[in-house]
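Line by line, the protein sequences give chains F and P. Read in order, the letters of the first sequence correspond to residues 1 to 356 in the numbering used here. Read in order, the letters of the second sequence correspond to residues 357 to 617 in the numbering used here.
Accuracy of the hints is not assured; some may be wrong.
Covered by chain F, per the in silico footprint, the following chain P stretches (three or more residues, Cβ under 8 Å) [stated by the list, open to error]:
| # | segment |
| --- | --- |
| 1 | 363–369 |
| 2 | 444–452 |
Each computed DSS-like pair below joins lysine-lysine, with the alpha-carbon atoms no more than 30 Å apart [what the hints assert, rightly or not]:
| # | chain 1 | residue 1 | chain 2 | residue 2 |
| --- | --- | --- | --- | --- |
| 3 | F | K200 | F | K232 |
| 4 | F | K97 | P | K457 |
| 5 | F | K159 | P | K457 |
| 6 | P | K457 | F | K200 |
| 7 | F | K200 | F | K159 |
By construction, these hints were calculated from the structure, which means they are not laboratory data. We treat Cβ as the ideally placed atom computed from N, Cα and C, and that holds for glycine.
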Amino acid sequence: MTTSSGVAPAVHVAGLRKTFEVPVRDAGLRAAAKSVVRRETREVAAVDGVSFDVPAGEVVGFLGPNGAGKTTTLKMLSGLLYPTSGEALVLGHVPSKRESAFLRRITMVMGNRNQLQWDLPALDSYELIRAIYRLPRDEFRRTRDELIELLDLGPLVTKPVRQLSLGERMKAETCGALLHRPAVLFLDEPTIGLDVTAQKRIRSFVAEYNARTGATVLLTSHYMADVQALCKRVIVIHHGRILYDGALAALGERFAATKTIEVTLGDGQAGGGRPDLSGYGEVIGYDPDEGRTRLRVPRADAPRVTTRLLQDLPIADLTIEDPPIEDVIEQVFTSEAPSDPSSEEPADARSRAPAG
Amino acid sequence: MRAISLFLTFLRVGALNELQYRANLAIQLLESGISVFTGLVVLALVFSQVPALNGWSQPELLAVLGVYTLVGGVIGMLIQPNMERLITDVRQGTLDYILTKPDDSQVLVSVREIRIWRVVDVILGFVIIGVALVQLQGTLGPLDAVAFVVALLLGSAMVYCFWLLLTTAAFWIVRMDEIVELFMGLYASGRWPVTIYPDWLRFGLTFLVPVAFAVTIPAEALTGRLTPELLAGAAAFALALLLVTRWFWRVGLRRYAGASA
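This is chain P alone, in the form it adopts within the complex (with noise of 0.2 Å):
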C-alpha cells in the first residue's frame, strides 16, 4: 500500500511536469509510429510467404506485436528510468540521499521516475491487440481477458525484478551503463511467441531473461493458448523472483555499507 502510495504521488508530479514538454510527445509518437509500422511490414514480409508461423497465424501474430509493444511501453515509462536512474546514483554516490531516508529503499528506488510518452507505446499496444482481437473474430471469452490482464501484470512484475536484479549488481560492478541495451536487445526477441525459437533459446528466454513471460504467455492468454497450470507457474515464478530480488537487493545494501573500495 504505501508503495502504491509513493508510486502515485512520483507518478503525479513526474507525469504533471513532462506534461509541459509536448515536443517530447511528437518524438515518441514518431518513434512508435516507426517502430510498430517496421513490425507491421515484417509481419506482411512473413506471411506472404507462409501461412502460418510454427502454429501461430497472422491474426495471433498480430497480437503478438500488440502484447509486444504493450509491455515495451511499461517497461520503458517505468521500470527502464527507474533503473538508468540507480546506476547513476551508486556511481554518483547519489544513492546516499535514498539510504538516508526513513523508508524503504528497494521502493524508493523503483518508483522515482516515470517517462509519461511512452504511454503512446501502451495505447498502441492495446489498439493493435483490439485489430488482432477482431481479426480473430471474437474467440476471447471473459476468463481469458481476466487471464491476459494477471498474466501480463505478472510478466511485468518478472521483467521488473529481471532487471533490478542485474542493476543491483552496480554494487559491484561499477560500469553497468551496457545492461540496458544488453535487455533491450534481447527483449526485442519478444516480437516473436519463443514457442518458434529453438529449445535452449526458449528455456533462456523463458527463465534466465522473462521475455517468455512477459510477451509470449499474455499473448497465449489472448489467443486461447494459455493453460490454467501455465498460469499459475507463472505466479509461482513471479513470486519467487520478487523474494530472490529482495533478498540481493539487501545484500547488495550491505555491501554498498560495508564498502570495500
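Just chain F, same shape as in the assembly (with noise of 0.2 Å):
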C-alpha cells in the first residue's frame, strides 16, 4: 500500500490525541511538601484531536512552538508513545504494536540525540546496526556505502564518534538511521544546533534521498529553512491542534495579516534625504543606498495604499510581498494566546516525554 499508486496514504491519523498526567502544586515549601503526600494531577493533552494523511513519497513539515505536540505527534507514529485516543496507522500498521514488520519500514532521528556508540567509529555500529536488523551482508554493503558517499562522510566513519563534530556526527547518525531502507522518515529537529553549513548539507541529503527511495518524510524543525527547502506542505500544531495544513506557499496568504510594500522613489524626488512615507504605512526600513523604503501595511489596504502611492509620488519601483515565512509563523503563534494554559508543555516533564 506504500507504493506510488498514492491509493493508500502512508500516514493515516485521525483525530489522534494524547494526554499525560501532570502533578500540580503552588510554589513554596508547603505546597511542595503537601505534595509528597498528596500528589494532585490534572490531566494535559500534548496532541487533542490531530488528523491528517500523507501519501507516500511526499515531505510534510510540522511547524510550531515548543511544546506544541510535534514530537508526541511523531513518536505516537513510532510507535513510542500508546495514544490516549484516536487513530494512527503508518504504512497500514498500528504504530503502537510495535510489528516487527512496521519497525523495519521506518526510522527516527532525533537531532539532539544520538544513537550511535560513542566510543566506537561509525562503522562499527553500523556493522551493529546490520546484525540487529538482520540485513544481507551485500546489501548492506550497498547501501552503506551508498548512503556515506551522498553525505560525504569518508573517512570520518572511521574515527570514534565522540571525535567527530557536532555535524559531522548528525551526518554519522542520518547514515545509521538509514541503513535498513525505512519507507518512512520521522525526523526530529533533525538539524537543531548544527551551522549554516552542516545544516544544508542534511537538508539536501534528505531531499536526495526522498528522490531517490520515495520515502515519505516527517520533518519537525525550528528552522524555517529546513522547512522550506524541504517541504511543500506544512501542518502547523499549536497547543496540540492543527491551525493549518496546507501548502507552505499559501501559508502566509491566510495567516499574514500585513503585506510589505517596498518603494524606490524616482531620480530628484529622494532630494537626497529620506523620504518620509511615514504617511502610507508604517516605516519598517529604509536602504539609503538604492532610496528604497519599506513600509507594512494591512493587508486588506495594500491595493489602496499601492493606488496612492503611485499616484502621489514618482516611483521608480514598487513590489509588493508576503512577510517573511518566519514572521508569519510568529505572527500565528503569538496572536493565539493560549485559551488554556495546561496545554503547555509538562514543567517536569522527563526528557522522554513529550518535547514538542
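Got two chains here, each in a separate frame; can you build the complex from them with the hints?
Below is the structure:
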C-alpha cells in the first residue's frame, strides 16, 4: 500500500489524542511538602485531536513552538507512545503494536540524541545495526557505501564518534538511521544546533534521499529554512491542535495580517534625504544606497495604499510581498494566545516526555 | 539463540575496540591486584586468630574469595555496564532508539556493552579457585565440577535479573544512579559465605539480593557442601526470577509508552 500508486496514504491519522498526567502544586515549601503526601495531578493534552493523511513519497513539515505537540505526534506515529485515543496507521500498521514488520520500515532521527556508540567508530555501530535488522551483508554494504558517499562522510566513519564535530556526528547518525532503507522517516529537529553549512548538507541529503527512494518524510524543525527547502506541505500545530495544513506557499496568504510594500522613488524626488512615507504605512526599513523604503500595511489596505503611492509619488520601483514566513509563523503563534495554559508542555517532563 | 548471536556480535565489536586501549588493561590489572591482595590479607588476619570460621577452613574461604572475584568480574564485564547504560538511556531519552528497533528490547539493552578488561578478574578468580582446590587436596569430583559451573551460571542469571529489576524502576524513578553503589555494596558481603551471617541477613542476601546464589552456592559446590536439592532450588528460583523480570520489563515499557510525564 506504500507504492507510488498513492491510493492508500503512508500515514493516516484521525482524531489522535495524547494526554499526560502532570503533578500540580503551588510554589513554595509548604506546597512542596504537601505534594509529597498527596499528589494532585491534572490531565494535559499534548496532542488534542489531530487528523491528517500523508501520501507515500511526500515530505511534510511540522511547525510549532516548543510544547506544541510535534514530537508527541511523531512519537505516537513511531510506536513510542500509546495514543490516549484516536487512530494512527503508518504503512498500514498500528504503530503502538510495534510489530517487527512495521519497525523495519520506519526510522526515527532525533537531532539532539545519539544512537551511535560514543566510543566506537561509526562503521562499527553500523555493523551492530546490521545485526539488529538482520540485513543481508551485500545489501547492507551497498546501502552503507551509497549513504556514506551521499553524505560525504568518507574517512569520518572510521573515527570514534566522540571525536566528530556535531555536524559530522549528525551526518553519521543520519547514515545509521537509514541503513535498513526505511520507507517512512520521522525526523525530529534533525538540524538542531548545526551550523548553516551542515544544516544545508543534511537538508539536501534528505531531499536527495526522498527523490531517490520515494520515502515518506515527516519532519519537525525550528528552522524555517529546513521546511522551506524540503516541504511543499506544512502542518502547523499549536497547543496540540492543527492550525493549518496545506501548501507552504499559501501559509502567508492565510495568516499574514500585513503585507510589505517596498518603494523606490524616482531620481530627484528623494532629494538626497530620506522621504517621509509614514503617512502611507508603518515604515519598517530604509536603504539609503538604493533609496528604498519598506512599508508595512494591513493586508486589506495594500491595494489602496499602492494606488495612492503610485498617484502621489514618482515611483521608480514598487513591490508587494508577503512578510517572511518566519514572521508569519511567529504572528500565528503569538496571536493565538493560549486559551488554556495547561496545554503547555508539562513543567517537569522528563527528557523523554513530549518535547515538541 | 537470537540473543546469543546478537550478544556475540556486540561482544566482537566491543572487544575489538577496547583492545586498542591498553592503558585500561594496566589500570584494571592494578585494581584487580589490589582487590585480591586485600582479600588475601584479611583472610590471613582472620585465620591467624581462629582455626575455622563457622565451619569453613582457610582453603575453603579462599575458594569463596575466588568465586567472589570471578563473579564480580562477570558482573563488571557484562551486567553492570549494560545496566548503567540503560539508566542513562532512560534519562536522556535515547532508549527511544532501542524501542524503534525490530528486535526484543530486553535482549538489546542487555547485550550492548562490554568491559572486556574485567576479564582480568575472571581469570584471577579461576587462579584463586585453582590454588584453593590444590590446598583442599583434590576433593572435587567431576560431578561437583559440573554442579559448580551450573551454580555459577544460575547465580549470574539471578544477579542479572535482580539488577534489571532494579534498573527497570528507572521508568518510574528518574534518579537511579545510586543503584550501582547499592548493589556493589551489598555484593561486597559475598566475600564471606552467607552462612556466617545472622539469619535475617542471610535471608536477605539469598532472596532479596541473590549474593548467596551468586557466590556462596557455587563455592559450596567446590567444597562438597552443595546438595542436589539446593541446586534444584536454585534453578527453580532462577527461572522464577527470569519470568518476573520479563514481566516487570514489559510493565516498565508500557509505563514508558503511556508515560504520564
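| field | Hints that the structure is at odds with (numbers, increasing) | value | none
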